[in-house]
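Trainee: For the sequence shown, full-length UniProt numbering assigns the number 1 to the initial residue and increments by one for each residue that follows.
It should be emphasised that the hints constitute simulated quantities derived from the structure, not laboratory data.
Using N, Cα and C, we set each Cβ at its ideal position, and we do this for glycine too.
Please note that the accuracy of each hint is not assured.
Restraint-style ranges between C-beta atoms, simulated for each label pair [claimed, not checked]:
no.: 1; residue 1: Glu3; residue 2: Arg163; range: 44 to 50 Å
no.: 2; residue 1: Glu181; residue 2: Ile62; range: 57 to 63 Å
no.: 3; residue 1: Ile37; residue 2: Ala142; range: 35 to 41 Å
no.: 4; residue 1: Arg163; residue 2: Met4; range: 28 to 34 Å
no.: 5; residue 1: Glu181; residue 2: Ala142; range: 30 to 36 Å
no.: 6; residue 1: Lys6; residue 2: Leu115; range: 24 to 30 Å
no.: 7; residue 1: Arg179; residue 2: Val38; range: 16 to 22 Å
no.: 8; residue 1: Asp133; residue 2: Ala85; range: 14 to 20 Å
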Amino acid sequence: MSEMAKETFKQVSESMFPGITHSLHSKPPEIRLGHEIVTNLSLQMCLFFNVCYFPFWLIISILITSLKYEHLNYLYKFILVTVLAATIAIEIVRLYLGYLGNLMERVPELAGFWLLSVLLQFPLQAFLFFNEDLVILPLERAANFVMVGLVLAELITGFIALRKITKHQAKKFHLLQLRQEAIFEFE
């Protein structure tokens, strides 16, 4: 195989699986320190299912809203459109932050995901699910039930992942401090 093709494969695999070329040609795993992966699989599965389900929920919500819009009073027309627009925008940002925070083990993004879930997305989804004045149709109730379930599962697994990643980052910080102190003492 030509060197150019090898380099291309190496670049593609490195972009898809960061660190793979380094891990294949580095020291044995027992010697390398600080490379433990602490992403949460259950949170990642919840996020994946939510990303797959979100377009279906969006289509169902828009179609049902257009069907029942004329049967709502003026106040609930405004509230429903506002809540749906906010829910859609927040859901996109929330899922992006969840993926980024969990896979890259970034505490600020994961904390942002969790706070958006607790403070905004869960109350909005609960409002869409429980408020009977919105004339909730059976298909809409089923779609919102799945969405509320996903958000609840993400709240629980997100909290666990956030706590685990935060503890891991703190340990890495303290180990780095100890290493730097040892280097200065050695010199």
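Trainee: So, for every hint listed, does it hold in this structure?
Mentor: Tested hints:
One distance hint, 44 to 50 Å for the beta-carbon pair Glu3 and Arg163, holds here, with the actual separation near 46 Å. Taken as a hint, the range 57 to 63 Å holds for the pair Glu181 and Ile62, whose Cβ atoms sit roughly 59 Å apart. As the Cβ distance of Ile37 to Ala142 is approximately 36 Å, the hint placing it in 35 to 41 Å holds. Between Arg163 and Met4 the C-beta distance comes to about 46 Å, which lies outside the given range of 28 to 34 Å.
The supplied range of 30 to 36 Å is broken by Glu181 and Ala142, whose beta-carbon atoms lie about 59 Å from each other. Restraint check, Lys6 to Leu115: a C-beta distance of roughly 45 Å breaks the suggested window 24 to 30 Å. Between Arg179 and Val38 the C-beta distance comes to about 20 Å, which sits within the given range of 16 to 22 Å. The hinted window of 14 to 20 Å between Asp133 and Ala85 holds, with their beta carbons roughly 19 Å apart.
Going down the numbered hints, you'll see the structure goes against 4, 5, 6, while the others check out.
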